[in-house]
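Colleague: Chain H: place on chain A using the hints.
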Amino acid sequence: AQSVTQPDIHITVSEGASLELRCNYSYGATPYLFWYVQSPGQGLQLLLKYFSGDTLVQGIKGFEAEFKRSQSSFNLRKPSVHWSDAAEYFCAVGESGRALTFGSGTRLQVQP
Amino acid sequence: DTAVSQTPKYLVTQMGNDKSIKCEQNLGHDTMYWYKQDSKKFLKIMFSYNNKELIINETVPNRFSPKSPDKAHLNLHINSLELGDSAVYFCASSQGLAGAYNEQFFGPGTRLTVL
Numbered sequence: 001a002q003s004v005t006q007p008d009i010h011i012t013v014s015e016g017a018s019l020e021l022r023c024n025y026s027y028g029a030t031p032y033l034f035w036y037v038q039s040p041g042q043g044l045q046l047l048l049k050y051f052s053g054d055t056l057v058q059g060i061k062g063f064e065a066e067f068k069r070s071q072s073s074f075n076l077r078k079p080s081v082h083w084s085d086a087a088e089y090f091c092a093v094g095e096s097g098r099a100l101t102f103g104s105g106t107r108l109q110v111q112p
Numbered sequence: 001d002t003a004v005s006q007t008p009k010y011l012v013t014q015m016g017n018d019k020s021i022k023c024e025q026n027l028g029h030d031t032m033y034w035y036k037q038d039s040k041k042f043l044k045i046m047f048s049y050n051n052k053e054l055i056i057n058e059t060v061p062n063r064f065s066p067k068s069p070d071k072a073h074l075n076l077h078i079n080s081l082e083l084g085d086s087a088v089y090f091c092a093s094s095q096g097l098a099g100a101y102n103e104q105f106f107g108p109g110t111r112l113t114v115l
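Sequence order for the protein chains is A and H. The numbering used here numbers the first residue of the first sequence as 1 and each following residue consecutively. The numbering used here numbers the first residue of the second sequence as 1 and each following residue consecutively.
Hints in this document: simulated from the structure, not taken from any laboratory. All residues carry an ideal CB built from backbone N, CA and C; glycine is no exception. A portion of the hints provided could be inaccurate.
[Said to hold, decoys possible] Ranges between beta-carbon positions, derived for each pair:
(1) H:12 - A:39: 17 to 25 Å
(2) H:39 - A:1: 20 to 28 Å
(3) H:27 - A:54: 21 to 29 Å
[To be verified] Under 8 Å between C-beta atoms, here's a sample of chain A residues computed to sit facing chain H:
(4) 19
(5) 22
(6) 48
(7) 88
(8) 98
(9) 104
(10) 105
Chain A extracted, bound-state conformation (with noise of 0.2 Å):
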């Protein structure tokens, strides 16, 4: 069965620092791996999604992932935070025909 891990419960940075925050997932075959933002008392929106070719991808806001292989990781990453990027991060892994098994989420506080 496929599983996430999202090891950080919670991250402080200061706005302009970086972030990267931490996937790891566990499936058998390729996976789709996708990342999400929840904004306080909001719905989750995508960030951005791979499901083959560059292993670096692009999404939203800035934000970028990297996926690699050989560690099963799919990290999150963005040169410099923004005070509005304060939010609940969640990874993300698919398989076809099933829904989303998302991992336990990383709260993201962005400090003045």
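Modeller: Coordinates of chain H only, in the frame set by chain A:
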């Protein structure tokens, strides 16, 4: 225009009551989902419908009964509510079966509190 909408946004009720949450999408998608997010923010799939037919039914108590009158609507009815049902329930939709390359669009969530 709201793509995926849910009503109500908040629902507070007593144990043992029966309640419904409604979901509508105007994206023309043929697949809809219900997810439950618990107090620790963990999101778990409950049900999925494709063209009004149930295709995913995870281990969910029989007290939960989804109903899809048409492709644009997926309602969730809960009987005999229990304290453990308190959570945020998210509706989502996609074109085609998700988990692959089809993006899921999420509603704003319904926060259910059972007293």
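Colleague: I'd like to know which numbered hints this structure contradicts. Please list them from smallest to largest.
Modeller: 4, 5, 6
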